[in-house]
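K.L.:
Taken in order, these protein sequences are the chains called L and E. Going by the numbering used here, the first sequence opens with residue 1, and the numbers climb by one from there. Going by the numbering used here, the second sequence opens with residue 1001, and the numbers climb by one from there.
Hints listed in this document are in silico derivations from the structure and should not be mistaken for laboratory results. Note that CB positions come from ideal geometry on N, CA and C, so glycine has one too. Keep in mind that the hints are not guaranteed to be accurate.
Claimed, not checked - Label-pair distances were calculated between CB atoms; the ranges are: (1) L:ILE85 to E:SER1345: 35 to 41 Å; (2) L:ASP277 to E:ASP1172: 36 to 42 Å; (3) E:SER1169 to L:ASP232: 54 to 60 Å; (4) L:ASP307 to E:ASP1033: 16 to 22 Å; (5) E:LYS1367 to L:ASP232: 51 to 57 Å; (6) L:THR239 to E:ARG1040: 53 to 59 Å; (7) L:THR284 to E:ARG1040: 46 to 52 Å.
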Amino acid sequence: MSISVKEASGITTDRSAPDYLDQLEAEAIYIMREVAGQFERPALLFSGGKDSITLVHLAQKAFAPGKIPFPLVHVDTGHNFIEAIEYRDELAEKIGAKLVVRYVEDTIKAKGLKEQTGKNASRNWLQTFTLLDTIEEFEFDACIGGARRDEEKARAKERIFSFRDEFGQWDPKRQRPELWNLFNGRIQKGENVRVFPISNWTELDVWAYLKREGITLPSIYFSHERELILRDGKLLNNTPVIEADPEDRIVTRQVRFRTVGDMTCTAAVESSAATLDEVIAEITISRISERGETRIDDQQTEAAMEDRKKGGYF
Amino acid sequence: MDLLRFITAGSVDDGKSTLIGRLLYDTKNILADQMEAIERASKTRNSGEIDLALLTDGLRSEREQGITIDVAYKYFQTPNRKFISIDAPGHIQYTRNMVTGASNADLAIILVDARHGVVEQTRRHSLIASMLGIPHVIVAINKMDLVGNSQDAFLEIAKSYTELAEKLSIKDLTIIPVSALNGDNIVERSPNMGWYTGETLLSVLETVNVLKDQNQEDGRFAVQYVIRPQTEELHDYRGYAGRVQSGTFKKGDLVKVLPSEQESKIAKIEFGGNEIEEASVLESVTILLEDDIDISRGDSIVSLTNSPIVSQDIEALVCWMDDRKTLKPGNKYVLQHGTARSRCSVRDIEYQIDINSYEKLDSESLKLNDVARIVLRTAQPIAYDPYQKNRANGAAILIDETSNVTVGACMIE
Chain L
1 MSISVKEASG ITTDRSAPDY LDQLEAEAIY IMREVAGQFE RPALLFSGGK
51 DSITLVHLAQ KAFAPGKIPF PLVHVDTGHN FIEAIEYRDE LAEKIGAKLV
101 VRYVEDTIKA KGLKEQTGKN ASRNWLQTFT LLDTIEEFEF DACIGGARRD
151 EEKARAKERI FSFRDEFGQW DPKRQRPELW NLFNGRIQKG ENVRVFPISN
201 WTELDVWAYL KREGITLPSI YFSHERELIL RDGKLLNNTP VIEADPEDRI
251 VTRQVRFRTV GDMTCTAAVE SSAATLDEVI AEITISRISE RGETRIDDQQ
301 TEAAMEDRKK GGYF
Chain E
1001 MDLLRFITAG SVDDGKSTLI GRLLYDTKNI LADQMEAIER ASKTRNSGEI
1051 DLALLTDGLR SEREQGITID VAYKYFQTPN RKFISIDAPG HIQYTRNMVT
1101 GASNADLAII LVDARHGVVE QTRRHSLIAS MLGIPHVIVA INKMDLVGNS
1151 QDAFLEIAKS YTELAEKLSI KDLTIIPVSA LNGDNIVERS PNMGWYTGET
1201 LLSVLETVNV LKDQNQEDGR FAVQYVIRPQ TEELHDYRGY AGRVQSGTFK
1251 KGDLVKVLPS EQESKIAKIE FGGNEIEEAS VLESVTILLE DDIDISRGDS
1301 IVSLTNSPIV SQDIEALVCW MDDRKTLKPG NKYVLQHGTA RSRCSVRDIE
1351 YQIDINSYEK LDSESLKLND VARIVLRTAQ PIAYDPYQKN RANGAAILID
1401 ETSNVTVGAC MIE
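Work out the full structure, taking the sequences as your base and the hints as a guide.
P.N.:
Okay, structure coming up:
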């Protein structure tokens, strides 16, 4: 069932066999351009993770030789990996993109929000408030995000142009029909649309594309030695932002991160994969899904993601 | 390796989700943690047997009711192809969801219950597949185990389906006897139906030629966005960003801009800022023209010698998708065709089509899931091709001007 890297790496010249990566890339570029063409004030949600790095690369290709015609926006929980934050800042500077960063910490203070406490407390859910405030502050009418339908079953149901009401809410029962590639981005003032250009990509497609395009990634995606908290079989970064639990064990392991989100809800995987080829080889034979292996936030209930999205999450 | 998008149509009891689950399971595309989640969920439901249908039902309300309400997408691959499976609900009240799913499909799998044969909903699903111009149709006669894997039963259903297909425009038809529950003739040939010598379902999915379905003749390119960097070194750069809808474009090609009818020549084609020789169907590129003419989003660049129809009067088959308001002659909407939007008004409902019997009916107004042939008058001219000849340039949607909801799917005739 696996793809070999050889197949994924070359742009095929044989007209009788278009390459799936070219097909996915063309579709994503088309979607990016629809956003630029249909909206007044779009933004690209950029965290320094591999999916949003892919989005930035696609946006560069879509608008070359011009610059990306919208800002990059990051909602920083304050619990992000330093490597991803550094990468975020460097990339924005390198490509001359405008970078807007808003902090969950500020929202907590300004709104007097109550943070979760105890084991597995996370600010992940609170990002929604900061995101909605940022959308209001800049009057963003479209936010491009790197969510994929293969990640999670509620995401598999979401449109590529996903309409959000004036409260940022997603209503899965009243989604606009999405026909052909005719995306309907018409909205009233105050409403917005979340746009997912890599909806149809799988995790492996993203990795194969990063490799084919020669894109560099933050170092945490590759094998390194790290001190971690071993909790319920998952390896979490050993950081003061994770509240200690008496059952925790502190261990040192050779790991990499398969997804890079908030440190409180993203687990590492034990791995010696130090290059893109090795990472692709490991994921190809992995029998566990991306979110299943690394995300703690989805595993609380069967509908965790659906509930977050209804509340305004990406 | 290329990509195939297929839709599965069938109703609640036909075993549609089980079929998708079976395809994923037998091609080893279900991961360990997903399997555990299904096992866990299966235990809390009726018989406790592993229910592969739980793989595709993503929303809480769907799991509660045990039915698929919305279109769901699943991704899997074999060594030969990548697949996007589009799972749409089969019940008549969700016709709009099936139309939505079918709009992007290269192939349709229509499920027929071997115990019941060709029924009303088989006719409905086949009509939609044909109307949406899906080039390949596989009829999977499911639950063969429940009719004793009988060849006679299969042949009888195959015969009545073939008769039905003759009334429709189905270009490529394959009929396969299967049991999704047992995995017979899905990925592996079934030892229970030795009389069947045709291909398995997966084998058809892996080998069907999609490239031939694309319209390679008519050069059509809808402008999405104008790239104007306005920097010192790119001061005069004007690139038209878009996706080739059909045909091919090369440097030096003579083209026409619609609806303005201005003529020019392609100076350059770029992809990601680099010059490329030619652009073919579905490629997202940037076209630069030799002449400085006024072009903006919504305009089309087309081959000079082979033009689409440019008109303000359009006849189309429409599937009505609004559950709150009806379509009536005199109503006004926004028509989105390619990247162009124009106000339009409904001149007439010529006839409604009974999607079960295919009968033409008189109709005063259309409600949710109705299919009809209508006449539209647009405020601006639209440059279109008939849908059955060119899916990309013959499709349009109707948008409600006040709610902004997509309310109609149009196949221009």
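K.L.:
Next step is simple, just say for each hint if it's right about the structure.
P.N.:
Hints and how they fare:
1. Between ILE85 (chain L) and SER1345 (chain E) the beta carbon distance is about 54 Å. The supplied range of 35 to 41 Å is therefore violated.
2. A C-beta distance of roughly 39 Å is found between ASP277 (chain L) and ASP1172 (chain E), which places it inside the suggested range of 36 to 42 Å.
3. Distance hint check: the CB atoms of SER1169 (chain E) and ASP232 (chain L) are about 57 Å apart, consistent with the given range 54 to 60 Å.
4. Hint check: ASP307 (chain L) to ASP1033 (chain E), Cβ distance near 20 Å, so the stated range 16 to 22 Å holds.
5. For LYS1367 (chain E) and ASP232 (chain L), the hinted distance range of 51 to 57 Å is satisfied, since their beta carbons lie about 52 Å from each other.
6. Taking 53 to 59 Å as the suggested C-beta distance range, the pair THR239 (chain L) and ARG1040 (chain E) does not conform, at roughly 31 Å.
7. Range check, THR284 (chain L) to ARG1040 (chain E): about 26 Å between beta-carbon atoms, so the 46 to 52 Å window is missed.
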